[in-house]
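Chemist: Since the structure of chain A is already known, use the hints to place chain B on it.
Letter by letter, the chains look like this.
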Amino acid sequence: MSTVLTAPAEQVTEELRDAGQPLRDRGFRWLLFAALSVGIITLAVLLVFVFSKGMPRLTPTLWQNMPSIRFPDKAGAQSAIMGTIWVIVTTAVICLPVGVMAAIYLEEYADASKRFNRIVEINIQNLAAVPSIVYGILGLGVIARALMLGQTVITAALTLSLLVLPVVIISSREAIRAVPQSIRAGSLALGATQWQTVSRQVLPAAVPGIATGAILALSRAIGEAAPLLLLGAVTFITFNPDGLMSSYTVMPIQIYNWISQSREEFQILAAALCIILLAVLLLMNGFAIYLRNRFQRRW
Amino acid sequence: MTTTALAPRPATIGGRVADPTMEMRGVDVYYGDYQAVRDIDLPIARHEITAFIGPSGCGKSTLLRAFNRMNDLIPGARVTGEVLYRGVDIYAPEVDPIEVRRRVGMVFQKPNPFPKSIYDNIAYGPRVLGTSKKDLDDIVEQSLTRAALWDEVKGKLDSSGMALSGGQQQRLCIARCIAVNPDVILMDEPCASLDPIATAKIEDLMRELAAEYTIVIVTHNMQQATRVSDRTAFFTADVDDAGVRHGRLVEFAATPELFGSPKDPRTEGYISGRFG
Numbered sequence: 001m002s003t004v005l006t007a008p009a010e011q012v013t014e015e016l017r018d019a020g021q022p023l024r025d026r027g028f029r030w031l032l033f034a035a036l037s038v039g040i041i042t043l044a045v046l047l048v049f050v051f052s053k054g055m056p057r058l059t060p061t062l063w064q065n066m067p068s069i070r071f072p073d074k075a076g077a078q079s080a081i082m083g084t085i086w087v088i089v090t091t092a093v094i095c096l097p098v099g100v101m102a103a104i105y106l107e108e109y110a111d112a113s114k115r116f117n118r119i120v121e122i123n124i125q126n127l128a129a130v131p132s133i134v135y136g137i138l139g140l141g142v143i144a145r146a147l148m149l150g151q152t153v154i155t156a157a158l159t160l161s162l163l164v165l166p167v168v169i170i171s172s173r174e175a176i177r178a179v180p181q182s183i184r185a186g187s188l189a190l191g192a193t194q195w196q197t198v199s200r201q202v203l204p205a206a207v208p209g210i211a212t213g214a215i216l217a218l219s220r221a222i223g224e225a226a227p228l229l230l231l232g233a234v235t236f237i238t239f240n241p242d243g244l245m246s247s248y249t250v251m252p253i254q255i256y257n258w259i260s261q262s263r264e265e266f267q268i269l270a271a272a273l274c275i276i277l278l279a280v281l282l283l284m285n286g287f288a289i290y291l292r293n294r295f296q297r298r299w
Numbered sequence: 001m002t003t004t005a006l007a008p009r010p011a012t013i014g015g016r017v018a019d020p021t022m023e024m025r026g027v028d029v030y031y032g033d034y035q036a037v038r039d040i041d042l043p044i045a046r047h048e049i050t051a052f053i054g055p056s057g058c059g060k061s062t063l064l065r066a067f068n069r070m071n072d073l074i075p076g077a078r079v080t081g082e083v084l085y086r087g088v089d090i091y092a093p094e095v096d097p098i099e100v101r102r103r104v105g106m107v108f109q110k111p112n113p114f115p116k117s118i119y120d121n122i123a124y125g126p127r128v129l130g131t132s133k134k135d136l137d138d139i140v141e142q143s144l145t146r147a148a149l150w151d152e153v154k155g156k157l158d159s160s161g162m163a164l165s166g167g168q169q170q171r172l173c174i175a176r177c178i179a180v181n182p183d184v185i186l187m188d189e190p191c192a193s194l195d196p197i198a199t200a201k202i203e204d205l206m207r208e209l210a211a212e213y214t215i216v217i218v219t220h221n222m223q224q225a226t227r228v229s230d231r232t233a234f235f236t237a238d239v240d241d242a243g244v245r246h247g248r249l250v251e252f253a254a255t256p257e258l259f260g261s262p263k264d265p266r267t268e269g270y271i272s273g274r275f276g
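Chains A and B, in that order, are what the protein sequence lines are. The first sequence lines up with residues 1 to 299 when you count with my numbering. The second sequence lines up with residues 1 to 276 when you count with my numbering.
No wet-lab data here; the hints were simulated from the structure. Treat the hints with caution; some may be incorrect.
Said to hold, decoys possible - Computed beta-carbon distance windows for the label pairs:
| # | chain 1 | residue 1 | chain 2 | residue 2 | range |
| --- | --- | --- | --- | --- | --- |
| 1 | B | P55 | A | L32 | 18 to 28 Å |
| 2 | A | K114 | B | V88 | 24 to 34 Å |
| 3 | A | N293 | B | P256 | 32 to 42 Å |
| 4 | B | G57 | A | L32 | 36 to 46 Å |
| 5 | B | V244 | A | K114 | 26 to 36 Å |
| 6 | A | K114 | B | G57 | 56 to 66 Å |
Unchecked claim - Computed list of chain B residues with no C-beta within reach of chain A, every gap over 10 Å:
| # | residue |
| --- | --- |
| 7 | T80 |
| 8 | E203 |
| 9 | R227 |
No residue lacks a Cβ here, since even glycine has one placed at the ideal position from N, Cα and C.
This is chain A alone, in the form it adopts within the complex:
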C-alpha cells in the first residue's frame, strides 16, 4: 500500500496498465457459458422438435373431442385436459392452505432451538427430494386402498398434494422469512397479538412470494405422470370428470398412452398435446413472474 503511494508517477502508470484479461479468466468464462448452453440448447431442441411434429395436429378437435384408439384423425384429449384441470385445482385447494399454515408454524411459532423442530425441518428438506413414484406407491397403498378412495380425482389430488407439499412449505417459509423483523416488532409493540401480527402484517406482505412458490409447485404437479400411473389415470377414459370421486385421466398420461401406440398419427397427436401442456406450464410460470414483479416490495 505505502509503496504505491510513494512510488513515482511512471511506476504507478506501469502498475495500473491494463494487461488484458488473462487467458485463464477468459477460458473459465467460456466454460461457464458452455454449461449454461447445455440447458438452453436442450430446451430449444425440445421445443423445435415438439412444435414441428405436433403443429399440424394442433386443431380444435384436440380439445373438443375425446380420445380414440381407432380414429387418430378424430381423436382429441378433452377428457385429459379437463382431468388435469380437476386434479390440479383440487390439489391447489388441498396443498396450499396446509403448506402455508405449516410454513407459518415453522417460521412464526416454532422454537428453532428445539430439537424436535430441527428434525422436522430436515425431514421437510428430505421429503422434497423423494422420487415421485414413491408418492405414487404411498397414494395407492394408503389413499386408494386403505382409505378406499379408489382410482379417483381425489386420490390423485391428495397424492400430488403430498408430493408438492414440501416445495410449498419451503417456498412459503422463504417468503415469510423475507418479511423484515421490524414489521413484526412494530405490530407487536402496538399491542397486537401474534395472530393479528401474522394475519394482518406478515401474511399480506409475504403473499407475492408465497404465490410464486405455489404456482411453481403446481407446475411441477401438472407435469407429473409417474405417481398417477399407479393411481389409475392410465385407464382409457372418454368422459370428463364430474366430481371428486370420478375416474379421470390427465395430460401427461394421455401423452404417454398415445406415444405407446404404434401408429405414426398417434405420435403426432402426442406431440400436439405436449404443446398444450407446455403452453399451460409457460402460462403458469409467466403468471408467477408477473406476480413476483407486480407485488415486489422494497423495504
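Modeler: Frame of chain A, contents of chain B only:
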C-alpha cells in the same frame, strides 16, 4: 452465571422520583447465560422525558425493551427483578405482555412503517384493539396532528407510508404509537437515521408529547439528551474479572445536574468526551 467482583453499586442515584409511572428494582437482563445488564434500580417519572445515555454496548436498548416486554421476542432473553408499571410487576406470571404493550408503546431506531397506506398505518393499532370503524377517521386525523404530520400528508392518506421521507416516516411511527393512546412511549434512538432538520422536528414533538405521555428515550447524542430530557441516566459497560461486559447504571439525576455537576468521575469522563 457465577457472581464476580464488580464495582460497588452506584451510590449517586439522584433525582428521587415521587409516584413514578414505571420503576425498575434490581433488574438484570440475560441473553441465555450472558448477563447483559446488571442490577438496575431506576424510576421513570410521570409526564417527563427520561434519557438513557452511555457508550455503545452498555445495554441501554436492552433495558429499554424490558419496559414493554419486547425482550420476550428474543429467544433466550430473560429479565429478573421487578419492572413496575403503576406499582404492578409487568413480569408477574398473570400479566399479559400484549396488555403491557398497549400501555407502553415503542418507537424504533429505524423508522418501520408498515407496507400499507398512511391511513392504514395509523388505523392498524386501533383496529387490532377493536375500535369501531366510524371512530377511525377521527383517530387518524388526531394522531397525525399530534405528531405534527397532518398538514404534510392530509391530501395523500391513501399513499404508501413507505413513500414518505425518513423524518416523516418516523413521525408516522410516532403517530401510529399515540393512536392507541399509550401511557408511556419508549424511543430507541428515534433520530439515529435522520438529518438535523428532521431531528429538530422530532425533538420539538417529544417536548409537546411529554405534556401527556411519559417518555423514555435512548440516545447517543448528548446534546439531544440535554435539549429534550428532564432526567438522564448514564450507563456504562463494566468488565468483570472474567472479562465479560455487563451494562450498569452509573448515575441518574435531573438532566442539568447530571451534565452540570456529575457526581461520578465516569459520568464526567463520558460527557466531557474523555471516554466512550
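Chemist: With reference to the structure, classify each hint as holding or not holding.
Modeler: To see whether the hints hold, each was checked on the structure:
Between P55/B and L32/A the beta carbons are some 49 Å apart, a value that contradicts the proposed interval 18 to 28 Å. Distance hint check: the CB atoms of K114/A and V88/B are about 32 Å apart, consistent with the given range 24 to 34 Å. For N293/A and P256/B, the hinted distance range of 32 to 42 Å is not satisfied, since their beta carbons lie about 56 Å from each other. The supplied range of 36 to 46 Å is met by G57/B and L32/A, whose beta-carbon atoms lie about 44 Å from each other.
At roughly 27 Å, the beta carbons of V244/B and K114/A sit within the given window of 26 to 36 Å. The hinted window of 56 to 66 Å between K114/A and G57/B is violated, with their beta carbons roughly 30 Å apart. Against chain A, the non-interface label of T80/B holds: every CB pair exceeds 10 Å, the least being about 20 Å. E203/B, annotated as away from the interface, keeps every beta carbon of chain A farther than 10 Å; the closest lies near 21 Å.
Interface exclusion of R227/B from chain A stands, the closest Cβ pair being 25 Å apart, more than 10 Å.
The structure shown violates the earlier hints numbered 1, 3 and 6.
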